[in-house]
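**Student:** Spelled out, the chains give:
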Amino acid sequence: MRFFNFHLMPYPSLPSDYDGPVWITCPNELFDPAIGQQIYNRYLDELIYSEELGFDGVCVNEHHQNAYGTMPSPNLMAAILARQTKRVKIAIVGNALPLYNPPTRVAEEFAMIDNISGGRLIAGFVVGGGPEYYSFSINPAHAREKFYEAHDIILKAWTEPGPQEYIGKHYKLRFLNTWPRPVQKPHPEIWIPGVGSLETMEFVARQRYAYMGIPYFHIDVFDRMFRMFREACEREVYVYDAKQAGWLTPIYVAETDEEARRQYEEHFWYFVRRLLPGINISPPGYTSLRSMENILKGIGSFAINLKSWDEVEAGHYAIVGSPKTVAEKLEADLERLGTGNLLGLFQLGTLPADLTRTNMELFAHEVMPQLRKRFPEGKPMLKSGERAA
Amino acid sequence: MSPGFGESEGIEQINDMEDSAFHLLDLFDRLELAAPAVMGLSLGAWMAAELATRYPDRISRLILVNPVGLYIKGAEIKDIFGRSPADMAGDLFADQSHPMAQMMLQMDRMIADGRALGSIPFELLRPQVQALAATARLGWNPYLHNPKLRNRLGRVSSPTIVVRGAQDTLVPAAHSQSYAEEIRGAKLIEVQNAAHLISVERPAELAAIANDFLTQ
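Residue numbers (the working numbering), protein chains in the order written: chain Y, 6 to 394; chain V, 15 to 230.
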């Protein structure tokens, strides 16, 4: 098991009387740069602190024009982390490939980060959330085609000596020859997040990358998702390695169960009720019909529909409690899901700095060691032959 | 039906409105239509205009109904990709009691509740989803227009009428007016109590206008 601290870097200061959209057209006047200066530096401190606490890695991600996540450029954050940490993996989950024109920018920046960090980059590639296609006015109908071409360009840039040509439908590059080249051979570990699209799973299985299950769904939905992914690996005629899957989930640890809920609940609801709405806007042409049918099956369980804390607990939408409770819950869930990477959201919504720290510390000191013992790295997590329901 | 709409396949071959125009031309050739009369609604009108400006001799008469395809600063076409069905219903239908308008309002209520949305049989959503995806393919950005089209409208040689639903709040009046002005000899006809989806709301009136024009 590998343990990552995943940060969304949310904007925690939306006016209480603002009830408009939080994505795409959320008026940027609502962003106070004085707060921005504070939170960016605080959140970076939290990620850097993860190394001291013993986490295996830290994660940043990419979203534009919204209050849910203020990193339009995760690569800037990763570059800072490359200098201010020495050991942890730095996972960019991920660059929204179609938003980089040409895609060689991703190859270049990722290679720079890999060089500066001494080979610690985990390269995440995403199609980019639906809202990004509105924010950038880029055609969602071509999103997936562009994603696959961009992926091919990046891999070509990293693994084939330049100069080369790449003449595709969307990108035509006559002198593909990126400097620098990454440290890791044959290339950095590649992660692809997903929410259940079959094409994505099949692609990840075929390429032998790792599939990160994106929240915010009922645990049963994750279970089904990872089973489908394992099946996809089987169809590619190999046995999946637990390191090829990761589960992203909010986690909150306090001294007692009661304290944990009391300290965390309001910040969780700020996240669910004020930051989430709009995240799964799906522009026309963005999702294939085949995948849409699949995704719609899980849509009722999306966290936006949560009405009570009981539902949060029942669906494992957040893993909250004392160190003992959290360890037990995570052990059971990880066993069920078979994921060899746990990506914890230790800061969420308006959760303040002090509570974020104690959360991280309690987790690192009292939960992580137990889980490391239970799931030693390199050992298979599931009995072979697990099939999708 | 154009690829991507209704049951028609083949949308992957079509990447922009120019491809659509040539697809139409291929269709005419295949059906051995030398110069048919062509009527298009909204996106279809834009498509027809793209064909008419390239191959004017292949269209004998042209009817453009609530056409998109132009950019007019200060009179921009309203957004269709990010708005809810309930919001759209007002632009598409002059009379909200129309069954299809009612269905859109009902759809809105279901979408707001994620659990209800998941329970709608996908076959019911599929045509809408597909049509909107095909429309996005053709008109996401530049939004529902071709910046080059206006300068080419002078090439249209067929007798032409432009028909507008007077209550169409999706496409401002300036668009139909521009088409009528730029196409030689074109006439602008307004239909009362009709919004953007005039062919659904006022089929009899539209048919009468078309018939009249085609039998002149």
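Hints listed in this document are in silico derivations from the structure and should not be mistaken for laboratory results. Just so you know, even glycine gets a beta-carbon here, dropped at the ideal spot from N, CA and C. There's no promise every hint is true.
Simulated DEER-style distance windows between Cβ atoms [unchecked claim]:
#  : chain 1 : residue 1 : chain 2 : residue 2 : range
1  : Y       : PRO282    : V       : GLN142    : 39 to 49 Å
2  : Y       : GLN169    : V       : GLN27     : 27 to 37 Å
3  : V       : PRO70     : Y       : GLY25     : 21 to 31 Å
4  : Y       : GLU241    : V       : GLN27     : 24 to 34 Å
5  : V       : LEU146    : Y       : ARG240    : 26 to 36 Å
6  : Y       : ASP37     : V       : GLY96     : 54 to 64 Å
7  : V       : GLY96     : Y       : GLY173    : 28 to 38 Å
8  : V       : GLU23     : Y       : GLY173    : 18 to 28 Å
9  : V       : GLN142    : Y       : TRP274    : 39 to 49 Å
10 : V       : GLN191    : Y       : ASP225    : 48 to 58 Å
**Student:** Does each hint hold? Answer for all of them.
**Tutor:** Hint-by-hint comparison with the structure:
1. PRO282/Y x GLN142/V: 39 to 49 Å: 22 Å, violated
2. GLN169/Y x GLN27/V: 27 to 37 Å: 28 Å, holds
3. PRO70/V x GLY25/Y: 21 to 31 Å: Since PRO70/V and GLY25/Y have Cβ atoms about 48 Å apart, the given range 21 to 31 Å is violated.
4. GLU241/Y x GLN27/V: 24 to 34 Å: Because 29 Å falls inside the window, the suggested range holds.
5. LEU146/V x ARG240/Y: 26 to 36 Å: 32 Å, holds
6. ASP37/Y x GLY96/V: 54 to 64 Å: Given about 26 Å between the Cβ atoms, the range is violated.
7. GLY96/V x GLY173/Y: 28 to 38 Å: 29 Å, holds
8. GLU23/V x GLY173/Y: 18 to 28 Å: 23 Å, holds
9. GLN142/V x TRP274/Y: 39 to 49 Å: 33 Å, violated
10. GLN191/V x ASP225/Y: 48 to 58 Å: At roughly 56 Å between Cβ atoms, ASP225/Y and GLN191/V fall inside 48 to 58 Å, so the hint holds.
Comparing the model with each numbered hint stated earlier shows that hints 1, 3, 6, 9 do not hold.
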